[in-house]
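Participant: Single-letter residue listing:
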Amino acid sequence: MDIFLQQLVNGLTVGSIYALIALGYTMVYGILRLINFAHGDLAILGAFIGLTVITGLAGSGGAPANWIVIVAFVLAILVVAIAGVLLEFTAYRPLRDAHRLSAVVSALGASMFIQNGIMLIWSPQTLTFPEGIMPATTYNFGTVIISATQIFIVSVSFVLMLALYLYVNKTRFGTAIRAAAIDQDAARLMGINVNKVIVSVFILGPALGAIGGLFIGVYYRQAVFDMGWIYGLNAFIAAIIGGIGNIPGAMIGGLLLGLFSSLASGYISSTWQQAIVFGLLILILLVRPTGILGERVANKV
Amino acid sequence: MKLSVNRNIGAVLWIAGLLVPLVASNSWISILSMFAIYAVVALSTDVVLGRAGMYDMGHAVYFGVGAYVTAILNVQYGVPILWTMPIAVVVAALVGMILAAPVVKLRGDYLLVATIGFNEIFRMILINDVGGVTGGPDGIFGIGVPSVFGYSIGSQEGLFILNWLLLGIALVLMNNLEKSRLGRVFRYLKEDELAATTLGVNARYYKILAFALGAGMAGAAGTLFATQLATVSPSAFVFMESVTLFAIVIVGGQASIPGVLLGTVLMFVVPQVFRELAEYRYLVFGLAMIVVMVLRPQGIWPRRNRPE
Amino acid sequence: MVKLRIVLATAALSLGMAGVAVADSVTFGVQAPITGQYANEGQGMEKAVKLVAKQLNEAGGLLGKEVKVVSCDDEGKATQAALCGRDLANQEVFAVIGSYTSGATAASQPVLDRANILQTSDGTAEQLTQKGYNLFFRNAPPNSAEAEFTGDYLVNVKKYERIAIIKDHSSFAKGLGEATAAAIEKQGGNIIFDGFITAGSQDYRSILTKIKSENPDIIYFSGYYSDGGLIRAQQASLAIDADFVGGDANQNVKFAEIAGKAAEGSVIINVPAPANLPYPEAKQFLKDYEEAYGESPPSIFTLTNTDGMRAIVQAVQETKSFDPETVADYLHGLRDFPGFTGPLGFDDKGERLGSAFQAFEIQADNTYKTIYPQQ
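Chains as they are written, first to last, in the numbering used here: chain Y, 1391 to 1691; chain S, 21 to 328; chain L, 35 to 409.
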């Protein structure tokens, strides 16, 4: 039983990270029907920016002070959000009226560009985060170990998800976002500035992704330039499982995916973990393609 | 009128290509040899993506199936290379059919995601050395060279001619597909599946057929790829490769033979030539993909619409 | 479209002409993972080879010819490695130092052998010397030797009672892990877990949690440093109270960096680390390397590869020939050549003769201390 709980703890932590990144995919897809392949790389960019800030301000010896970590997060969010908006303007906006696949290729190109930009700017090698960013304390519940880092990641993620949920469902602008996701043209007719909605989605999504990326850096103490691809893919699967285009769906999908992959790895096999996740994806696509919470994307009949 | 001129130029170019081993350096023979293989795979992707209009971002799987079938048969069981090719084609086509059958009903983006999933599962089957035959991340090495009537064709020049021949066959096939009834059915399905169905077209059957055809072609290229490198390993068939094939078709021009060939040149030949700029390769690629799509969303050499 | 063809044809001709070799130089090729998971090692190899070439040129070249170096990045992947082999063969290099991983080495062996090019690599998977490639020379001791030492160390010396083994699927790690498991069983040891990870997947907590439930007293990892460091760190975060012993590919400065505080107390089995080499020539080379590049070599494999190159150079100088067969014959008879990593020789299969394994423990300041056999 303790093993099960431990796997749950592990899974929940990873799942929270997936959820944060998945939100970016789902929001963009909801409005633009576009799979933003570059989103995973934007999220990872957050990890790199954070690393640079932390080592820049604190030097590489000793544990960085708390305020430095906070500054790292803030700067990571800012830079990545700006990058997200730039991405929208250069790679997606010009292709709004073109064939869908052109935008897909553009997104793939953007992903390659960002990933390799990171490689060239930082390093092709794995970069290590200094120790002591999070207190090293752990809490024991029987033989289940929960670290302070895990608690930090899970709790902050939940707060952010709750905040986003409230924003999208209870505020005026949030309603505008939901309206645009349901039907862009109708929203426009109702006087909603759809372009503003799109820009805001490209701010919120990447911002949350950046936080997720920096969490990855802090949790594993590593940043590699090609991390974006695998985290992005998993987060994307999470969004699909929850229902692409559906914000609570992405949150639930992320958590479920984290739990599922942790349990699969622990109880079935570690090396087949990814394959099992993809198997789950295909199963969902065949049985209930609209995901657990059903997609909120209206179909053209 | 323009069309037959194009086809004639194509034929002339192909014949000129046969002379390459006589005039070019070893480096160039290697590069063009690989180009021929990748061009065949790209054309096979076009069958599914460009012509039948299905979002296939997992086409490298079939390429890999062909390559691994050849590798396993040749290395474990000593089957001569050229005999493995028909088997590779059939197995790849079967895999294509089996994978396609459950997912062809999915709408655009969902099909895309499913094919990405196939790619990953395939990669994992290879990496985890399933059944002890797939060789793990280091793959299978020691693949032999093809031989005809006892004469080994293992030299660079010999392999080039083989690859170029396969390319020629592929081009003829694509041409016939263009003109045939099957090609027309694919076009109808792509344009408007609903209308096609109301006209009595069995959409499911033709969609699976498209996958089978595209997969079989890729499998044949896989055989030659395996013998060319004497090694197969998972890294040649990962998602990135499928993405590249996908991009070739869209950037080059969907359902356009010269477009797909041009796309292959840009995506495979150019980086080989500019090896020294290795680090910047993908950066430039990515940028180029964005720029080309923004400036010319229909592809560099799009298909010319012709009267039916 | 016609223009493009003309451009391509012109480019083809000019590149073709550029491929003509200059007769008064000899080119060494480096095939290594210069980018990718093992970039550290690949770049170390490249730097070391270039340094040796520079030193040779300063002393008048090799048999009077200028020594040039070209590299090819195989990213640690077999397909790229095969392409690199083809590429280096096309550039008509004299010998190839490469690659770091057994898989990448195996992929380029056939091509290089067909092109009559000498090759030396640190890859330790058994099959590299079993395929009759006359021009191939392994410069690090094979997995089988290490497995025997490890089995003896774990069972007889440390007397562990519950051994957990983790491997990855690469031909090297799988080979080493399986050989070690067999050696442990031969010594009567008790293996309570034997499983795989997928190299590069970062999160190993699930499999470690599973291992934890089996109460191991030691975790043996036969894979590479980039994963070993993470496993060690995550083992500590899960409070698994077991020793960590890593196979030779864990020996790299990055292991300690990645494992952080948990690195201390980890044990690695390998031939001696660069800093612990007793030989004066080795110490001199380490100094030269640091002077040239501002850092020490990442691992002992940088030096074994250097030794491979130096052995080839020695063979050329002694036989006064660049003929690959002649050089190979000399190398097959080489005994007790003073390598940086110890006395170096090759048997008739190209297997390295003579070197001693050690178990060393990482100290608090990230240096290695040999704990067995006692110095």
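Honestly, I wouldn't trust all of these hints.
To be verified - On the chain S side, residues computed to face chain Y include the following (Cβ under 8 Å):
1) Y130
2) I141
3) M144
4) E213
5) A267
6) V271
7) F288
8) V289
9) L303
10) G306
11) M309
12) V314
13) P317
Unchecked claim - Cut-off 25 Å, straight-line C-alpha distance, at most; resulting in silico cross-link-like pairs (SDA-like, lysine to any residue):
14) S/K125 - Y/G1522
15) L/K165 - S/K125
16) L/K295 - Y/R1490
17) L/K244 - Y/R1490
18) L/K220 - L/Q236
Note that these hints are calculated values from the structure, not bench results.
Don't be surprised by glycine CBs; every beta carbon is placed ideally from N, CA and C.
Participant: If you check each hint against the structure, which ones fail?
Facilitator: Hints 4, 7, 8, 14, 15, 16, 17, 18 not satisfied by this model.
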